[in-house]
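Residues per chain are reported as follows:
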Amino acid sequence: MTIRFDDPNRPNSYIGRTVPRPNAGKLVAGQGRYVDDITLPRMVHVAFVRSPHAHARIVSIDVGDAQAAKGVVRIVDGTEMATICTPWEGKLAHLQGMKTPPQHALAVDRVRYLGEPVVAVVARTRAEAEDAADLVVVDYDPLPAVTDLMTALDADTPIIHEGYEDNLCFRRTNEAGDVDGTFAGAHKVVEGWFKSGRHTGVTLEPRAIVADWKAGEAELTAHVSNQAPHMLQVLLAKHLDLPESRVRVVCGDVGGSFGVKVHVYPDEVATAALSKMLGRPVKFTADRLESFLSDIHARDHEATGRIALDADGRILGFDVDDWAAIGPYSIYPRTSAVEGLQVTNLIGGPYAFDHYRVRSSTVFQNKGICAQYRAVGHPVAVAITEGLVDKAAHEMGIDPVEFRRRNVIRDDAYPVSTVAGLKLEGLSHEKSLDALVEAMDYDALRAEQAELRAKGIHRGIGIASFIELTNPSPFMYGIGGARISAQDGCTVRMDPDGSVVALTGVTEQGQGTEAIMAQIVAEAVGIRPHMVRVVTGDTRVTPFGGGTWASRGAGIGGEAALRAGRALRDQILEVAASMLQGKAAALDIRDGVIVDAETGEDRLPIEEVGRIVYFRGDTLPPDLPRELMQTRHYITSNYPYAFTNGVQASLVEVDPDTGFVKLLKHWCVEDCGRIINPQLVDEQIRGGIVQGIGGALFEEVCYDAEGQMLNGSMADYLVPMSGEMPDMVIRHIETPTEEGALGAKGAGEAGTAGAPAAIMNAINDAIRPLGGEVTAMPFTPERILRALGRIRD
Amino acid sequence: MKASVGGYARARDLAHAFDLLAAANGMGRVIAGGQSLVAALNLGLTAGDLLVDITGITDLRGVRVEGDHLLIGALTRHVDIGSDPLVAEHAPLLARAVPLIAHDAIRNRGTIGGSLAHADPAAEFPACILALGATLIVEGPAGRREVPAADFFVDVFETALDEGDILTGIAVPCIAADERHGIEEATRRAGDYAIVGLAGVRRAAGHRIVAFGAGPRPMLCGAAMAALDAGDLDAACAAIGGELDPPSDTQGSAAYRRHLAGVLLGRLAAQLGDPS
Ligand SMILES: Cc1cc2nc3c(=O)[nH]c(=O)nc-3n(C[C@H](O)[C@H](O)[C@H](O)COP(=O)(O)OP(=O)(O)OC[C@H]3O[C@@H](n4cnc5c(N)ncnc54)[C@H](O)[C@@H]3O)c2cc1C
Numbered sequence: 001m002t003i004r005f006d007d008p009n010r011p012n013s014y015i016g017r018t019v020p021r022p023n024a025g026k027l028v029a030g031q032g033r034y035v036d037d038i039t040l041p042r043m044v045h046v047a048f049v050r051s052p053h054a055h056a057r058i059v060s061i062d063v064g065d066a067q068a069a070k071g072v073v074r075i076v077d078g079t080e081m082a083t084i085c086t087p088w089e090g091k092l093a094h095l096q097g098m099k100t101p102p103q104h105a106l107a108v109d110r111v112r113y114l115g116e117p118v119v120a121v122v123a124r125t126r127a128e129a130e131d132a133a134d135l136v137v138v139d140y141d142p143l144p145a146v147t148d149l150m151t152a153l154d155a156d157t158p159i160i161h162e163g164y165e166d167n168l169c170f171r172r173t174n175e176a177g178d179v180d181g182t183f184a185g186a187h188k189v190v191e192g193w194f195k196s197g198r199h200t201g202v203t204l205e206p207r208a209i210v211a212d213w214k215a216g217e218a219e220l221t222a223h224v225s226n227q228a229p230h231m232l233q234v235l236l237a238k239h240l241d242l243p244e245s246r247v248r249v250v251c252g253d254v255g256g257s258f259g260v261k262v263h264v265y266p267d268e269v270a271t272a273a274l275s276k277m278l279g280r281p282v283k284f285t286a287d288r289l290e291s292f293l294s295d296i297h298a299r300d301h302e303a304t305g306r307i308a309l310d311a312d313g314r315i316l317g318f319d320v321d322d323w324a325a326i327g328p329y330s331i332y333p334r335t336s337a338v339e340g341l342q343v344t345n346l347i348g349g350p351y352a353f354d355h356y357r358v359r360s361s362t363v364f365q366n367k368g369i370c371a372q373y374r375a376v377g378h379p380v381a382v383a384i385t386e387g388l389v390d391k392a393a394h395e396m397g398i399d400p401v402e403f404r405r406r407n408v409i410r411d412d413a414y415p416v417s418t419v420a421g422l423k424l425e426g427l428s429h430e431k432s433l434d435a436l437v438e439a440m441d442y443d444a445l446r447a448e449q450a451e452l453r454a455k456g457i458h459r460g461i462g463i464a465s466f467i468e469l470t471n472p473s474p475f476m477y478g479i480g481g482a483r484i485s486a487q488d489g490c491t492v493r494m495d496p497d498g499s500v501v502a503l504t505g506v507t508e509q510g511q512g513t514e515a516i517m518a519q520i521v522a523e524a525v526g527i528r529p530h531m532v533r534v535v536t537g538d539t540r541v542t543p544f545g546g547g548t549w550a551s552r553g554a555g556i557g558g559e560a561a562l563r564a565g566r567a568l569r570d571q572i573l574e575v576a577a578s579m580l581q582g583k584a585a586a587l588d589i590r591d592g593v594i595v596d597a598e599t600g601e602d603r604l605p606i607e608e609v610g611r612i613v614y615f616r617g618d619t620l621p622p623d624l625p626r627e628l629m630q631t632r633h634y635i636t637s638n639y640p641y642a643f644t645n646g647v648q649a650s651l652v653e654v655d656p657d658t659g660f661v662k663l664l665k666h667w668c669v670e671d672c673g674r675i676i677n678p679q680l681v682d683e684q685i686r687g688g689i690v691q692g693i694g695g696a697l698f699e700e701v702c703y704d705a706e707g708q709m710l711n712g713s714m715a716d717y718l719v720p721m722s723g724e725m726p727d728m729v730i731r732h733i734e735t736p737t738e739e740g741a742l743g744a745k746g747a748g749e750a751g752t753a754g755a756p757a758a759i760m761n762a763i764n765d766a767i768r769p770l771g772g773e774v775t776a777m778p779f780t781p782e783r784i785l786r787a788l789g790r791i792r793d
Numbered sequence: 001m002k003a004s005v006g007g008y009a010r011a012r013d014l015a016h017a018f019d020l021l022a023a024a025n026g027m028g029r030v031i032a033g034g035q036s037l038v039a040a041l042n043l044g045l046t047a048g049d050l051l052v053d054i055t056g057i058t059d060l061r062g063v064r065v066e067g068d069h070l071l072i073g074a075l076t077r078h079v080d081i082g083s084d085p086l087v088a089e090h091a092p093l094l095a096r097a098v099p100l101i102a103h104d105a106i107r108n109r110g111t112i113g114g115s116l117a118h119a120d121p122a123a124e125f126p127a128c129i130l131a132l133g134a135t136l137i138v139e140g141p142a143g144r145r146e147v148p149a150a151d152f153f154v155d156v157f158e159t160a161l162d163e164g165d166i167l168t169g170i171a172v173p174c175i176a177a178d179e180r181h182g183i184e185e186a187t188r189r190a191g192d193y194a195i196v197g198l199a200g201v202r203r204a205a206g207h208r209i210v211a212f213g214a215g216p217r218p219m220l221c222g223a224a225m226a227a228l229d230a231g232d233l234d235a236a237c238a239a240i241g242g243e244l245d246p247p248s249d250t251q252g253s254a255a256y257r258r259h260l261a262g263v264l265l266g267r268l269a270a271q272l273g274d275p276s
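Keeping their order, the protein sequence lines are chains Z and R.
Numbering (UniProt numbering) for the first sequence: 1 to 793.
Numbering (UniProt numbering) for the second sequence: 1 to 276.
Some hints here could point you the wrong way.
Stated by the list, open to error - With a straight-line cut-off of 30 Å between C-alpha atoms, the simulated DSSO-like cross-links for lysine-lysine are: (1) K423(Z) - K195(Z); (2) K70(Z) - K2(R); (3) K91(Z) - K238(Z); (4) K99(Z) - K238(Z).
Just so you know, the hints here were simulated from the structure itself, not pulled from any lab data.
Same shape as in the complex, but just chain R (with noise of 0.2 Å):
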């Protein structure tokens, strides 16, 4: 299928980015590394956009700690959010998530805004960024607000970013000294989209658990993280399947999803240091 395009316009910086968006009367999309939205422009799911392109404002790119939090800029590439020595330091679970989204080519395009804007369900991002209980910087027309992580993300492909916004970056709390970041994911091939997978962060105040691929967006697991902070993983793993929706399809049926969560889960404590 051919891709319907309405238009392109390189953005010079934020506000030259919402005057083209304004003026698009509601046909203006944001593109950032196009690896989702192409793909969509070509399977005709969206058709007729003007196409902003934003990879020209240089702010929004880029990682730096202010005080006890990372500030990833959301035109951060996959690629260097896996490689950046902060990101290491401070946020390993975003490091560690990379090598898991797609392959060389797509990591070296795709960026950590536009897979947090895009909430792909099965997306590894999201579901770290919530683990993490990141903060997400939108700017829009109406000026710059705050979204937590647990707020941003509604349904399917939909998020708080309301028509014209623009995500510019994401507030990480640092690690704790005591703190364990862990992923696990199950894939068919090397780079697709997860059948389910599990972000998790250890702190002192307690397990996050977000399962992905396991439902409209990703999902917060207080079942499975409250027996992990009681130390039952047997009870965690068995309870992880249980508060999950998730969808069949050809990959597998919720059955299946929701035992692999509880699987993933075994494994993911491991990462995280639990006792098992």
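Next up, chain Z with everything else stripped away, as it sits in the complex (with noise of 0.2 Å):
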């Protein structure tokens, strides 16, 4: 089963192009189907009465006046819920030590973060749901609220969690070399401090979910905004006490999720205990006030850390000490401890050395829970690694591309094993350095540069390397006993006009997995893509599968696509070498038609394989395997990972009098392997880089000491807006992954690891002549103004 990919001329090239995404036309038509969309016979709305507490005893609650609201159908708290919805832990076997306490679909007793849902109220409208949850009285005995970071285990800061000794949730050291002895022995160290803000993924859809029990046949259905439908049956089934095939999950269209929607949430989990307490189906939608309470948070990380040189500028080593606040819990089942984790195994990545220690601690604060946002982990690790290489590069007198230069893994060294215990397949850091060189003309942006700078001008560039964890193993989650698919599936069935239609397990939240899926199908069949239809997101119908998460749908979904796909249309060939009393090798598919693979002449229109297979099979010799319909999975095995790697840079220019920091240019040069839409990872990667951006300018999420966040609305949490974002430049290396036959990586979450590092670096590059430097994100112009000193309090 070869495709020679390379060839552009070759017949069905589907993969490799751009071609037209088969949902777009539907989405722009007005006709999506968002889960707030659905309104179901005898469907009831929840709003939940959410803790104004960041840490608080529950000491009593009082539903009387509620109770007797307009329109109020049932109101349910901690203790009743906790009756017919089991609690949960977000740990994972293989992360020793680490802890967190049950967490339960409504506060019981306690409530430890701001927006903790405390009582469901469920009426005929939100509207009236909102108004009696308006009078439901809970009395709170306020309790202190931890909300510092780097004193969260201080001896005199409060415990968190009763019986547990401090606030530690887990603490990992990766240490490999001889880090005391490099360092003390190094030509020159360098060192650095780093923080990076707190922010939120904030999807255009809110998280929702309609939750509908019918008791006749013991069956919940739950339409949800998520990218893991798989999971989300499991956890449903198990927390709920249902079998699993009496879960059926459909995740329609979902208005973008960025791992906001891989987590399971207890208001959802609430919504769907209240459809099999009422008998009747009950929506939830978050208001975007409560996604800023309610919504996983991300990155609230400050670390310390130190680079070791040579005197050539040769890396020596890392050493480096992160911290990383999540909330009271740790997220189920992923944890939130993966982002610390992340970040003890990606430090330093794209570089050769040998010498690493990298502690990570993560610990509880009274605030929302942290989890897995794009590019988990990702953006903190580049950010330190890069802001110690370029600050040793300056120190070091080195130009910052010709540093990395010296220090990048070469591109012909691979595989290879990293002192951070990184298997890495094959990577290009060599080829994308030069092609980002040769993209921004970076000797004449420099020279432009210091003209401009002899002007009062100042403009910074900034380089940040990167590498990016795609197509995960079950070395991710399921080692860790966490029910979370790694392996994926492709069903393909030939419908008898010749048209398919593919079912994966793999989902679609507006990344256009449809439309790759539909590339690919196409291209293993032989027909075109406009005939293959995709079904993504139902868990009753889809192969059991993963989902969308850790950019893994290309490369583990895809696989399965392509895998089904030329098992169909060998199976095709060989009706049709039946039919034509010829040999199945001596055939092929092109355009729909069944042809000879030699000359390319017509033989029979795959419609008529169709005609006889469905219609008369009694012409066909009896013991023919004739199933038009393919089901194949497919897993990673010889790497934990699929490692991709890229290069970002950006141009800025500083205003010193305002802070005001003016993005010109970004540049990303990425390798994902196997392109199959060119058009797709471009937007893939140009999206990233807003959200990564958006982490380094704009986004923070802001609690005062009591645990009170102080913006939590759009006017006052700053996303991204198109208006300030640069044009972005992006190049692109192909060293595919030879793990299958497609060869595809991710390419989902580059943009976001690289960027914030990149504007990290140009910013510094800018100011640093002015004798300033920053690395606490985000970058806001008074915290600019007061690095280079200009602000008197």
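Hints given; two lone chains; assemble the complex.
What follows is the structure in structure tokens.
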């Protein structure tokens, strides 16, 4: 089964081309169906009474007035909820020493973060439910809130969870080589301090669920805006005590997810439980204000680090101490420890060196729960690494591009096992740097920068090399006991007219999964993409799979689709060969026609095979296999992850009087292996960069010392907007993975991984001559001015 | 959050509007462009209001010159202020403010009367109106009165409008031959409310500099104005921060806002043609 992907003139060459997205027309026509668009007979709505305190004891709950309010159907508190819905713990067995207490769908006895759901109020309309929720009187006894990351483990800091000795969720040290000796004897040691602001995903469509329990069938159907339907199916079954086959999770159109929608949320589980209690459909749609409070947050990190160098500017080692603040619970089922864990693996990722020590400590806070958000841990690790690398280059007097050239792992060195323990199959740092320098016209930019500097214009150029983890194996979650599939599957079925339905376990949330699946199946079978109808997101019909996370859709779901498509093709040809009394190997399918593989001459329209198999099977030899429906599953096995790589650059101008940063241009050279659809990859990179820019310049969830959120609205929490985004130049290097025939790795997170570091380095390049340096994201104008010493308090 | 609205009525004319407001027993709320009011309803900051829609009262829309004043109807939309030739000629400050306000979609609906009545301390029009020394024309059940801009803005979201009053228009003195207008503001993203901003008018009689986003209402900056009148820009830039008491929030501390006011004043002075 070989397809010559590098030959653009091969037949059915859809893989590698920009083709129209099959689901775009529907969305543009306003015919998308998001969860909130769904209205079912007898459906009721739930609103949640959420904790106004970061930490408090629940003294009493009085629902008397609320119960009497107009339209109210049922009011449930945590104690009652616990009778039908079991609590969960976001732990992974392989993360040794990790701890987190049971978390309930509704708080029992204590609340531990602002916005934690306490009471569910179900009414005929959402408005009535909200009005009644206002009438619920909860008497709280406030407790001290733990809101500071760096003092969370101090002896005099209150402990959030009774029975625990401290506020530590998880700590890991990854150490290899002789770190102390190396740093003691190094030619130069450069140190830095870095901070990444807590931010959140801000999906266009908020989280939403319509849960529909049908007592007659003892079955729960949940329409959810989610990116891992089978995971949710299994976990709803577990916590509501149902057989998995009696839980159907349907994820129709999803308006963005970014990792926000890959977790189990108490309000969503409570909604499912309420449907079971009431025997009728219940809808919950988070409004924007509760999204800020209750969606996962991420990247609340602070770190100190140092890098050791020899006299030639070669990196000898990294030594980093990273701290991560999460909420009072580790997220279920993936855990909130993975961000810190990634930092312990990814520091120094692009470089060759021998001495490594990274410790990460994940601590509990009375704030919203932090968890996996696009490029989990990468932006933090890349910022620490590239911040240190840039500082080192500067202190050694070496150009930052030249410094990276000296230190990256050579393109011909692969496969490589790094000192941090990563197995790298094949990366292209050198080629990527070359392509970047060429795309930027780097030397000319440097010359222009110097010229403008003389005129008092402060421009900066920042570079950031990175690696990115994609195509995860069960080593990520399954090994720790989480019921999250690393395997994925695809079923393809040929209908009588030769068109094909493809059912896949990976999901679509706006990124174009359905487009690439159609391309892959079309090429694999030998038909046109518009003849393929892709179905995603319904656990009742799609093969059991993982969904979309860790940039796995193309590499794993795509490989399964390719294999299923080829299996269908082979089956079609076997039937055709029998009909033509020839050999299957001498035939091919091109544009939906069975042809002579050698000459390309038409032999049989594919629909003739469909007609014979489905309606005149009597004319075929009785023992001839004729399943025009094939399923294949795929899982990676040689490497725990398929790493990708790339390098980004940012050009900025800093106004030293206002502290404002203008983004002038951004470049990214990326190697995601085989590119299936160039436009979709470029869009993924661009969108990822925008989210990286958000973290670097704009986005921060701010809490005060009491754990109250200060900016939980779209007016106060600044998401990046198109007006401020720079032009982005995207280039590609293709180093396919050899694990599968497709050779695709992930592309969804690379933009986010590298952008913050590139921008940080660019700003510092601009302001270093003025005597300032910023390393605490987001780089607000005020932080920049303070770094420059321009504000007196 | 779901908006809680008590009802909706569309006023035929001013008298009808006053009747509707009177009948609502204090729960009546004028709605013009709805660009601030509807957001407030959706955030639960106001609830149960009877919305009295005045956008059908066409007399309150449009711009004309009367004597040495430009009369701007309260219902004139931001987009129209931005493109009106009379505004460009006689009150260019207002035209220059428009591109700084929000985004196209909001400028297509939002009205100048709504902006002034809403009195967001970070909004552009209130500051411009004060800098121009305009007069606000208010009508109510008790009749018509004129309120100088200096008396109109009272506190955050609070004006001299009484219960049942409707702002019907604004009278702006037409620009004199030697008069210069300018506006400067700092926003993180295009269309955001300003972290801090300055509207400025230079007349023969002296400067009028108004800061927005820097206090509970648009603030006339007397010390900076006096220094500018004396031709000392450095002193003006140094003084302006000291005479403001801006808020601290997640967009910036008071100290940062004071610093920014000084920087923006330097840039505004260039617009006003002041020697640097
Ligand atoms: C995303 C967004 C960004 C924005 N950014 C900016 C910005 O940068 N700068 C800025 O200045 N504004 C901004 N605005 C506000 C916008 O300019 C509004 O249009 C304006 O503030 C209110 O005008 P309106 O006609 O929409 O008033 P409405 O929303 O209809 O009413 C606002 C208030 O004024 C009262 N009111 C309205 N008209 C009258 C009247 N004639 N007499 C008495 N009371 C009246 C109403 O009762 C209500 O209390 C923004 C709005 C949004 C949604």
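Report task. Could you grab the alpha-carbon distance between K91(Z) and K238(Z) and see if it respects the 30 Å cut-off? Result -> Judged against 30 Å, a Cα distance of about 16 Å means the pair holds.
Query raised in the report: CA of K70(Z) to CA of K2(R), is that 30 Å or under?
Result: Holds, because 15 Å separates the two Cα atoms, which is no more than 30 Å.
Requested in this report: Take the C-alpha atoms of K423(Z) and K195(Z), compute the straight-line distance between them, and say whether it is at most 30 Å.
Outcome: holds (28 Å)
**Report entry** Pairwise hint evaluation, K238(Z) against K99(Z), where the allowed Cα distance is 30 Å at most
**Finding:** Holds, at about 21 Å.
Figure legend: structure checked against the earlier numbered hints; every hint is met.
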